[in-house]
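Just need the whole structure built from these sequences, with the hints factored in.
Protein chains: 2
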Amino acid sequence: MVTPKVIALDAMGGDRAPEIVVAGANIARDRHPEVCFILVGDPTKLATLLKRFPRLASASEVRASETAISAHDRPAQALRQGRRSSMRLAIDAVRNGDAAGVVSAGNTGALMAIAKTVLKTLPGIKRPALAAVLPTVRGESVFLDLGANVECDAENLVQFAVMGALFARHVVGIREPSVGLLNVGSEDVKGHDELRQANEILHAGEFPMDYRGFVEGNDLAAGRVDVIVTDGFTGNIALKAIEGTARLYSEFMRATFRRSIVSKLGYLLARPALNALRNRVDPRRYNGGMCLGVSGVVVKSHGATDAFGFANAIGFAVDMAAHGFNDRVHAEIERWKETRAELPKAAAL
Amino acid sequence: MVTPKVIALDAMGGDRAPEIVVAGANIARDRHPEVCFILVGDPTKLATLLKRFPRLASASEVRASETAISAHDRPAQALRQGRRSSMRLAIDAVRNGDAAGVVSAGNTGALMAIAKTVLKTLPGIKRPALAAVLPTVRGESVFLDLGANVECDAENLVQFAVMGALFARHVVGIREPSVGLLNVGSEDVKGHDELRQANEILHAGEFPMDYRGFVEGNDLAAGRVDVIVTDGFTGNIALKAIEGTARLYSEFMRATFRRSIVSKLGYLLARPALNALRNRVDPRRYNGGMCLGVSGVVVKSHGATDAFGFANAIGFAVDMAAHGFNDRVHAEIERWKETRAELPKAAAL
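These protein sequences, in sequence, are chains A and B.
Numbered per the working numbering, the first sequence spans residues 1 to 349.
Numbered per the working numbering, the second sequence spans residues 1001 to 1349.
Treat the hints as calculated values from the structure; they're not laboratory data.
Please note that a few of the clues may not be correct.
Unchecked claim - With the C-beta cut set under 10 Å, the calculated list includes, among others, these residues of chain B facing chain A:
no., residue
1, Ser1070
2, Val1150
3, Ala1154
4, Gly1213
5, Glu1216
6, Lys1264
Stated by the list, open to error - Label-pair restraints from in silico Cβ distances:
no., chain 1, residue 1, chain 2, residue 2, range
7, A, Asp188, B, Ala1204, 37 to 45 Å
8, A, Glu187, B, Arg1278, 26 to 34 Å
9, A, Arg259, B, Glu1061, 43 to 51 Å
10, B, Gly1303, A, Arg259, 32 to 40 Å
11, A, Arg52, B, Asp1188, 39 to 47 Å
12, A, Arg175, B, Ala1071, 32 to 40 Å
13, A, Ala71, B, Glu1034, 54 to 62 Å
14, B, Arg1328, A, Ser260, 40 to 48 Å
Idealized CB from N, CA, C, for every residue including glycine.
Structural data, given as structure tokens:
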């Protein structure tokens, strides 16, 4: 494990950029003192902000961008017109070998499109996927695709399973990650054709993973498996449904403790325990959409996060680079291609 | 509003049948003293159980079934081989006019298939959908389809929107329900073709509803609209993801209060408020999957619910029958057909 030297940051992406990007980099710098940053954005604004953080300033290079991609830009538009944007130049830094990874809190569609175009997908990978780590009853699970691909075929889903398992093992640190395909029931006959086909391929065991078959929506929070694979439409909606429910519970809880003086006192007594709980489920701790399958480390931060959340997204990028995640995916796909060449044609995807 | 006289109950469906069905009917009987029941199941077991509830016994007719459909039976198998099953005979009671509605905690797929075959879909409705009421920040929302149709076209989604809006208005009691289509983003360009097409039809305003366009997964718990429409695959996974997250939070909360003697004391002080919260989000209160679009009132109870939950499912059936829900759907579809006949061809579905 070699800690990467440089991470490029899209300093102008997100609701509160560049402030939270710089403040987040400062937190990340304390956690990973050997990492330096390329901050891409408005040089005047960045210079002012960096004055507050002299140690970060000494470990950062500022690169000037001319534009910023907005939340409303369509991916194709961002690709064509955003060549001098902070997002594009930060991704270019990875392509040029100046940085080991990039983090952006900007437009997700634009980030995926630019990353795919500039960095290309890994050899053998048909489509990249967006993955996140979620808190579960048992610990943490990896969930993908979260919206990169509205429609997926069986091959996409199988590749997502392979990438998700490698991410869980090498980045999250789960030794033998179990993998499941999200469906409306756990029987093999349920769901779309693509799902049933992917299920068959994964059951056939060509990929060395602990494949457990179909899992259901409630298994996400239960942590029944370590990696849950689905298409980007379902994944995006399920993830947001979970986030919304978590917020609903937090709001209900706050209102509950405010109901009476006695319940307020109860809150004060239970506060240390409640703070530990809040920390356990803090969405900022899980902030980071990993763009798996592109030739480069690309992490999407939530657009509305704060410095603490942005620092966690940087942490994911540092870990992916440090563990050579992309090399491992590449090696696995190559190994599988060789095995597959020896298999009868029917077993091929 | 005329309270229905008779509700048929599949007394052998669900994890703890017939016990919780009979105990649930007893609770429902107290809430709706004018309702009688047809209990379909094993007559010996039912006779023994009814001895405990003399008032319910005096308001119940027992019908003997020969078999029960298991949770693992496939719908086609249940249809062919289950003609003397408790589920089938309970649905037959609705078709024969003996009961105003039916409630079953049995196999969902079998229930939908038998209900469609025996009762038929309402004239003009292409496919029935499964709907539920969910707690939200703002109150309650109606969510459908929850799994009846793994794949849906634009016409299905539009009809679900119409039925969901009528359910929200006449059964839940929301005067001018707002309606949204679940998607991965709120812009009109997002999502599948079927979704975009349904969005156009609903925006065109042929149906008198407060249509708000696309909504996202987090809008489910936020209650941004009163009715959220999606296909059965996405709906099933989103619903279960929400249920799983709610359970995760409850478990985390219990563990939190057990952390120390002081936090236990805090719990004791806040208990009345916490109990009110538990009641607010109690899944048993929302137990009931309404099978909208069949010619008859059919409600699916969760298989693992208790008597309190089953009584709530009965309550939904009573309300749907009392408010003439199916007549309202039928009238709305007829009205629309007439309007549509006057429209240029291009505007048709």
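For which of the previously enumerated hints does the structure constitute a violation, in increasing order of number? Numbers 1, 3 and 4 - these are the hints that the structure violates, sorted from lowest upward.
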